[in-house]
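A.B. asks: Count the sequence shown with our numbering and you get residues 47 to 376, in order.
No wet-lab data here; the hints were simulated from the structure. Incorrect hints may have been included.
Here are the simulated distance ranges between beta carbons [as the list claims (entries may be wrong)]:
| # | residue 1 | residue 2 | range |
| --- | --- | --- | --- |
| 1 | Asp123 | Arg284 | 36 to 42 Å |
| 2 | Leu373 | Thr200 | 17 to 23 Å |
| 3 | Gln94 | Ala277 | 16 to 22 Å |
| 4 | Ser182 | Asp350 | 31 to 37 Å |
| 5 | Pro96 | Val169 | 38 to 44 Å |
| 6 | Asp151 | Gln173 | 49 to 55 Å |
| 7 | His357 | Asn214 | 36 to 42 Å |
| 8 | Gly317 | Ser219 | 56 to 62 Å |
| 9 | Gly248 | Thr76 | 24 to 30 Å |
| 10 | Thr51 | Thr76 | 18 to 24 Å |
| 11 | Asp333 | Phe144 | 40 to 46 Å |
| 12 | Asn214 | Ile97 | 30 to 36 Å |
| 13 | Pro96 | Gln173 | 43 to 49 Å |
| 14 | Lys149 | Gly305 | 43 to 49 Å |
When the alpha-carbon atoms are kept at most 25 Å apart in a straight line, the in silico BS3-like pairs for lysine-lysine are as follows [what the hints assert, rightly or not]:
| # | residue 1 | residue 2 |
| --- | --- | --- |
| 15 | Lys131 | Lys143 |
| 16 | Lys356 | Lys287 |
| 17 | Lys293 | Lys322 |
| 18 | Lys293 | Lys314 |
| 19 | Lys99 | Lys267 |
| 20 | Lys314 | Lys287 |
| 21 | Lys109 | Lys143 |
| 22 | Lys280 | Lys267 |
| 23 | Lys286 | Lys111 |
| 24 | Lys139 | Lys111 |
| 25 | Lys362 | Lys314 |
| 26 | Lys280 | Lys111 |
| 27 | Lys322 | Lys362 |
| 28 | Lys149 | Lys99 |
| 29 | Lys322 | Lys287 |
| 30 | Lys167 | Lys82 |
| 31 | Lys99 | Lys174 |
| 32 | Lys111 | Lys82 |
| 33 | Lys111 | Lys287 |
| 34 | Lys267 | Lys149 |
| 35 | Lys293 | Lys131 |
| 36 | Lys215 | Lys131 |
| 37 | Lys82 | Lys267 |
| 38 | Lys280 | Lys109 |
| 39 | Lys131 | Lys111 |
| 40 | Lys82 | Lys139 |
Predicted model, so just to flag it, every value in this text is computed and none were measured. Beta carbons: idealized from backbone N, C-alpha and C, even for Gly.
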Amino acid sequence: MNLQTSLPNIEQLPESFAVIVDNISAISVTGDEADKYLQGQLTCDTTQLPITKLLVGGHCDAKGKMYSAFRLINHSDRRLLIQSKGSLASSMKELQKFGVFAKVDISEADDLSFMALTGSKGVEFIQKNFNAVPDSFTPVITHNEVSVIYIGGTTNRYLVVASTTTINKMVDSLTIDLFPSALWTLLEIQSGFVHMNESSVGEYVPQMLNLQFVNGISFTKGCYLGQETVARMKYLGRNKKALFILKSEGEAKWQDEAGINDDSALEKQIGENWRKGGDIISHYEADDGTIYIQAVLANDTEQDANLRLKHHNGIKFNLMTLPYSILEES
Numbered sequence: 047m048n049l050q051t052s053l054p055n056i057e058q059l060p061e062s063f064a065v066i067v068d069n070i071s072a073i074s075v076t077g078d079e080a081d082k083y084l085q086g087q088l089t090c091d092t093t094q095l096p097i098t099k100l101l102v103g104g105h106c107d108a109k110g111k112m113y114s115a116f117r118l119i120n121h122s123d124r125r126l127l128i129q130s131k132g133s134l135a136s137s138m139k140e141l142q143k144f145g146v147f148a149k150v151d152i153s154e155a156d157d158l159s160f161m162a163l164t165g166s167k168g169v170e171f172i173q174k175n176f177n178a179v180p181d182s183f184t185p186v187i188t189h190n191e192v193s194v195i196y197i198g199g200t201t202n203r204y205l206v207v208a209s210t211t212t213i214n215k216m217v218d219s220l221t222i223d224l225f226p227s228a229l230w231t232l233l234e235i236q237s238g239f240v241h242m243n244e245s246s247v248g249e250y251v252p253q254m255l256n257l258q259f260v261n262g263i264s265f266t267k268g269c270y271l272g273q274e275t276v277a278r279m280k281y282l283g284r285n286k287k288a289l290f291i292l293k294s295e296g297e298a299k300w301q302d303e304a305g306i307n308d309d310s311a312l313e314k315q316i317g318e319n320w321r322k323g324g325d326i327i328s329h330y331e332a333d334d335g336t337i338y339i340q341a342v343l344a345n346d347t348e349q350d351a352n353l354r355l356k357h358h359n360g361i362k363f364n365l366m367t368l369p370y371s372i373l374e375e376s
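Produce the complete structure using the sequences and hints provided.
C.D. replies: Structural data, given as structure tokens:
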């Protein structure tokens with residue numbers, strides 16, 4: 047194991063590396079009515095899970111505002127909603143509240159841990175330990191109560207889900223660089239998959255966090271909590287926000303004074319004035335001073351827009367290219 051404490055920028059990432067991902071967790075749902083119950087709560091069509099093996103989705107309140115964004119898999123006899131720890135408590139509380147009317151058991155899967163692998167050496171490790179490697183056609187493989195999930199994107203990842211004891215043993219056997227969980231946040235930012243913080247819970251409908259562009263919303267399934275708002279956003283064209291990736295300008299070292307937290311916001315220059323431009327959902331600060339952020343902005347924000355931190359107007363940002371188009375279908 048080559049434990050790294052450094053936080054590289056995107057250009058400095060090695061070809062192969064691993065991440066101990068302790069900034070995510072999972073809600074475990076079991077019981078005779080687990081699938082039926084989740085179908086009425088989530089934006090994705092859970093009837094497709096036995097076919098696709100992996101679903102992306104959102105959990106909303108009755109007004110269509112999101113508690114969480116997650117990746118859903120079957121793991122042993124459990125449905126796991128894998129998500130940011132920042133969203134888990136609120137989402138689990140609401141699922142448990144309505145779950146009393148169904149034959150389900152809902153809890154945090156706190157017996158599980160997560161490790162991500164990337165690159166050719168990551169693939170070799172998976173092949174050696176599990177005799178198969180997941181891909182876009184078979185995105186989840188399971189072996190001896192270990193699940194390995196393929197997550198495609200700008201940087202392909204393999205998320206290993208297993209007991210904490212098993213993950214610790216695998217970590218000890220690694221021969222590639224092992225980075226802290228902040229690298230997972232960077233990879234989520236780069237991929238355009240929202241990594242929700244506590245302040246973003248209950249603030250946005252799924253389309254504002256780009257869930258429709260990562261196949262996280264089914265517009266053909268039956269009713270679910272918040273569906274009316276989500277459908278109205280699509281069919282009436284009322285959504286005016288989107289999730290963007292931004293990178294700090296210049297080469298200055300900002301960490302000591304950036305002070306970004308869950309309540310941080312951006313300002314946008316309009317003429318000679320600055321007005322609120324959007325809210326920061328997650329961020330990553332590299333050792334060289336580069337800052338990457340996910341932020342919700344107006345969906346017509348210009349590529350060359352001037353944006354800066356509201357609480358520190360010396361730190362300015364440029365939009366990066368998302369790995370998918372955010373142009374809505376007519």
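A.B. asks: None of the hints should be skipped; say for each whether it holds.
C.D. replies: Right, here's what the structure says about each hint:
1. For the pair Asp123 and Arg284, the beta carbons lie near 41 Å from each other, so the given range of 36 to 42 Å is met.
2. Evaluation of the 17 to 23 Å hint for Leu373 and Thr200 yields a pass: the beta carbon distance comes to about 19 Å.
3. The hinted range of 16 to 22 Å is satisfied by Gln94 and Ala277, whose Cβ atoms lie roughly 19 Å apart.
4. Our hint of 31 to 37 Å for Ser182 and Asp350 holds, since their Cβ atoms are close to 34 Å apart.
5. In this structure, Pro96 and Val169 break the distance hint of 38 to 44 Å, their C-beta atoms being roughly 26 Å apart.
6. As the Cβ distance of Asp151 to Gln173 is approximately 35 Å, the hint placing it in 49 to 55 Å is violated.
7. Distance hint check: the CB atoms of His357 and Asn214 are about 39 Å apart, consistent with the given range 36 to 42 Å.
8. Judged by the Cβ atoms, the range 56 to 62 Å given for Gly317 and Ser219 holds: they are separated by roughly 58 Å.
9. In this structure the hint that Gly248 and Thr76 lie 24 to 30 Å apart at CB holds, the actual value being about 26 Å.
10. Between Thr51 and Thr76 the beta carbon distance is about 38 Å. The supplied range of 18 to 24 Å is therefore violated.
11. A hinted range of 40 to 46 Å holds for the C-beta pair Asp333 and Phe144, which are about 44 Å apart.
12. At roughly 33 Å, the beta-carbon separation of Asn214 and Ile97 lies within the given 30 to 36 Å, and the hint holds.
13. Between Pro96 and Gln173 the beta carbons are some 25 Å apart, a value that contradicts the proposed interval 43 to 49 Å.
14. At roughly 48 Å, the beta-carbon separation of Lys149 and Gly305 lies within the given 43 to 49 Å, and the hint holds.
15. Taking the CA atoms of Lys131 and Lys143, the gap is near 19 Å; set against the 25 Å cutoff, the hint holds.
16. Annotation: proposed proximity of Lys356 to Lys287 holds, straight-line Cα distance about 19 Å (limit 25 Å).
17. At most 25 Å may separate the alpha-carbon atoms for a hinted pair to count; Lys293 and Lys322 meet this at roughly 18 Å.
18. Taken as a hint, the Lys293 and Lys314 pair is honoured in the structure, with Cα atoms around 15 Å apart against an allowance of 25 Å.
19. Only pairs whose Cα atoms come within 25 Å are accepted, and Lys99 paired with Lys267 is accepted, the gap being roughly 18 Å.
20. At roughly 14 Å between alpha-carbon atoms, Lys314 and Lys287 fall within 25 Å of each other, so this suggested pair holds.
21. Between Lys109 and Lys143 the alpha-carbon distance is near 16 Å, which keeps this suggested pair within the 25 Å criterion.
22. Distance check on the hinted pair: Lys280 and Lys267 sit about 15 Å apart at the alpha-carbon level, within 25 Å; holds.
23. Distance check on the hinted pair: Lys286 and Lys111 sit about 15 Å apart at the alpha-carbon level, within 25 Å; holds.
24. Between Lys139 and Lys111 the CA atoms are separated by roughly 15 Å; this keeps the pair inside 25 Å, and the hint holds.
25. Distance restraint check for Lys362 and Lys314: the Cα-Cα separation of roughly 10 Å lies within the 25 Å cut-off, and the hinted pair is therefore satisfied.
26. Restraint check for Lys280 and Lys111: satisfied, since their Cα atoms lie roughly 15 Å apart, inside the 25 Å limit.
27. Annotation: proposed proximity of Lys322 to Lys362 holds, straight-line Cα distance about 14 Å (limit 25 Å).
28. Pair hint Lys149 plus Lys99 holds up; C-alpha atoms about 23 Å apart against a cutoff of 25 Å.
29. A hinted pair counts as satisfied when its Cα atoms are at most 25 Å apart, and Lys322 with Lys287 qualifies at roughly 13 Å.
30. At roughly 40 Å between alpha-carbon atoms, Lys167 and Lys82 are farther apart than 25 Å, so this suggested pair is violated.
31. Between Lys99 and Lys174 the alpha-carbon distance is near 22 Å, which keeps this suggested pair within the 25 Å criterion.
32. Only pairs whose Cα atoms come within 25 Å are accepted, and Lys111 paired with Lys82 is accepted, the gap being roughly 22 Å.
33. Among the hinted pairs, Lys111 with Lys287 is consistent with the structure: their alpha-carbon atoms are about 13 Å apart, no more than 25 Å.
34. Of the supplied pair hints, the one linking Lys267 and Lys149 holds, its CA atoms being roughly 22 Å apart against a limit of 25 Å.
35. Straight-line distance between C-alpha atoms of Lys293 and Lys131 comes to about 24 Å, which keeps the hinted pair within the 25 Å bound.
36. Using a Cα cut-off of 25 Å, the hinted pair Lys215 and Lys131 holds, with the two alpha carbons roughly 23 Å apart.
37. Taken as a hint, the Lys82 and Lys267 pair is honoured in the structure, with Cα atoms around 12 Å apart against an allowance of 25 Å.
38. A C-alpha spacing of about 15 Å is found between Lys280 and Lys109, which places the hinted pair at or below 25 Å, so the restraint holds.
39. Under the criterion of a C-alpha separation no larger than 25 Å, the hint pairing Lys131 with Lys111 is consistent with the structure, at around 18 Å.
40. Of the supplied pair hints, the one linking Lys82 and Lys139 holds, its CA atoms being roughly 18 Å apart against a limit of 25 Å.
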